[in-house]
Amino acid sequence: MGSTTETAAARGLGTIRMTPAVVISGVVVLLLLVSQILVTGDFFSRSTLSTLTPAIGILVVVAIGQAFVISTGGIDLSLPATMTLMGVIVLKQSEGQNGKLLGALAVCAIACVVIGLVNGVLIEGLRLNSLVVTLAVGQLVTGYTEVYRGSVPPVQHVPQNLSDWAGADLGGVSYILIVSFVFAVLATWVLHRVVVGRRLVAGSTVERAAVLSGIKAPLYRIAAYVIAALVYGVGGVLAAGQIQIPDLTLGEQYLLTSVIAVVIGGAVLTGGRVSPIATLMGAIFITVLDFDLRVEGYSTGVRMIIQGAVLVLGLSLLFAVRRLPIRNKRRS
Amino acid sequence: MSLSGKFDRWGRWLRLTVSVGAVAVVAALVLTGCGGGSSSTSGGSETTATEAEGGTGETEPVSDEGAAGEVTISEAELQATVDEALSSEKLKASGLEPLVKETFERATPELTSAQLDKAYECWKGTSCTLGDGPVTLGFADNFSGNTWRQFTKMNVILEALTHPEVGKFIYTDANYDLATYQANLRSLTAQGATAIVTPEEYGPAAYSAFAAAQREGAKVATFLGQPEKVPANALTAASNYDLCETAGEMVAATEEAVGSKGPVAFFEGLAGSTQDAKLKECLEDEGVEIVFTAATEYTPSGAQKAASALISSGKPAKAILYTYSNVVPGIVDGYLKAGEEIPTIITLTQSNETICQMAEHPYPLYVTNSANWSARIATNAAIAAAEGEEVPRSSIFPLPFYKAEKSECEKDKSAEYPGPALVPDSLTEKMLAGQ
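Read top to bottom, the protein sequences are chains A and B.
With the working numbering, letter number 247 in the first sequence gets 247, and the count goes up by one each step, no holes.
Quick note: to get the working numbering, add 332 to the position in the second sequence (first position is 1).
Zero decoy hints are in this set.
EDC-like cross-link-like pairs, simulated, lysine to aspartate or glutamate; straight-line CA separation at most 16 Å:
1) B/Lys743 - A/Glu95
2) B/Lys647 - A/Glu296
3) B/Lys647 - B/Glu621
4) B/Lys647 - A/Asp42
5) B/Lys433 - B/Asp415
6) B/Lys745 - A/Glu95
7) B/Lys650 - B/Glu588
8) B/Lys762 - B/Glu453
9) B/Lys561 - B/Glu533
10) B/Lys433 - B/Glu409
11) B/Lys433 - B/Glu407
12) B/Lys650 - B/Glu672
Derived from the structure by calculation, the hints contain no laboratory data.
Please take these sequences and the hints and turn them into a complete structure.
Here's what the structure looks like:
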């Protein structure tokens, strides 16, 4: 009798397929309900969504970039410096004028490709440690950003077109979140359905096997760093547009949160398959949790304790979910 | 050969090249350091941004002719300086503490064009020679990456120019890192600084480094923040606004704006800031009803998040009390996006963007002067102490709030421009032009 019940339960779970993405999605839905019912009665009102959704959107974008790197078993500490540099490039190159925005964005893209290439080549080409390399590159970029920006930048406001777009919303939901959602879906499709994406995943998750299969795994792994840097660049430009007067702290808050979003989206830091959709859910979870704790008026210290505890619980849950199919197989 | 094999071989070659290159660079640096001798003054931890723009700034001294100490000024002229510095006409110069008053007296006379040029050149670099005197003045800054910091640096230089006893000026930037800040203090004394000026931002964490600098013979003077339980050997002088007096001013502004002492929201800066905690305590002692508290990390996005949380909390705050004007636009943006009425905002310091935004989207805004000149008081104290003079251990200056007017928006100036800062107009223009 007992075994019959277990088998039925396992079959039920198997139907839902308890992947990390499903678990984190369920947790996010639960958190949104808690936010609406227990924290603030108007969570889904325009006033809340209009300020919360841009923050989620930017984190989603940069966390997906971080996910590309984490999938290779690395971690990218140059993320905040890259984002901050984007803010400064937008200011300096555009001089606050709409007409020069496109040129500024082109310079941003070039800078990101260079940063990503330096990271990728040093890590994959020289087999150096990703922590050390990206930390050093981050320092270089930070130093360069300060020199490039100057003591008192004459222009401190991004072009109006950029701030208008970054501040626009659809029924309270920021364009940034909408774009980041589309980006997450697109990234998932590319990684799972397009040959290049599948090779990227193969090169990241099982490098040796990929190489033996004829896939140029090191190139794909370098490409992961370049793509990540470009994605941080997009995040940096969006963040600059959103706050309008980007300063040297622009990217600071996104380092740890981007890693957490990827990890609670089910990725492991030693590398392997990542899910952009699960990362999106992870980003929503972190931002909404922080928002709820702020609304409740908790101090920074208490917020950190609660966030840490939730993270530990969440990771334990994900670990248990990952073990679930193994246990089920053993039983059968 | 497989691609990974090529990479391995290429990697070995590149590793070798990088290693040889690194050794060559280190050798070159060592040789340069040995041969540099008297011309090199910048410490390893000094900011590179200003070096790149203006080199080390090592230039010839100018004559101290026209220095403030030698010029007689009238009471009216002094009062005009005080009014500009405090952005208020309510306070009389005669009522100020002696060192504060002396500082404004020194700031009153117009500088010669040679002095202005010298100040500008010195501001662009990390070290310079201001005069022939024996005092080496060090400015251990905590950060250099915003306009407020740069105007404060200029104030230190302008004040030093009024002291013929100052010879060399050295500037360091810790980029918000305590360990770097402590190392910078050590590097200043190693370079012979006998007077050190620094913002009080780290509290007790910095006191042991202050004490070590004083043991090495430097006189350390802080500005802006209020030192708490500082050991006698750690500090020579401090110039700051009194937190509880400022809280009283905030309360008066709140009552003027909303007709009562609350309910209000209190936005903090950095988590765990003793200054914010003390200010909040003083506000509560004054009977202010604080219904919501949030940290902003002094960043625009942090300010937006705090505003968003306040709006969603539904707490009926009639005013927001804060300590840093630069990120107030983030708070206002939060309200604008939410389509909510912007409450009264009462904040220490001011910035051009905050006032211009208020001009565009009117709401009651109370600010103070940005008090960049408070660094002048500390400079004055440190130099005098280095010359063996007795200086007051504490100099308190007032920081009155006033209601900002739309006309104060200066569209031709940059967003972070901190308002009247006792920096001559010609210098202000050059600084803001990024020349």
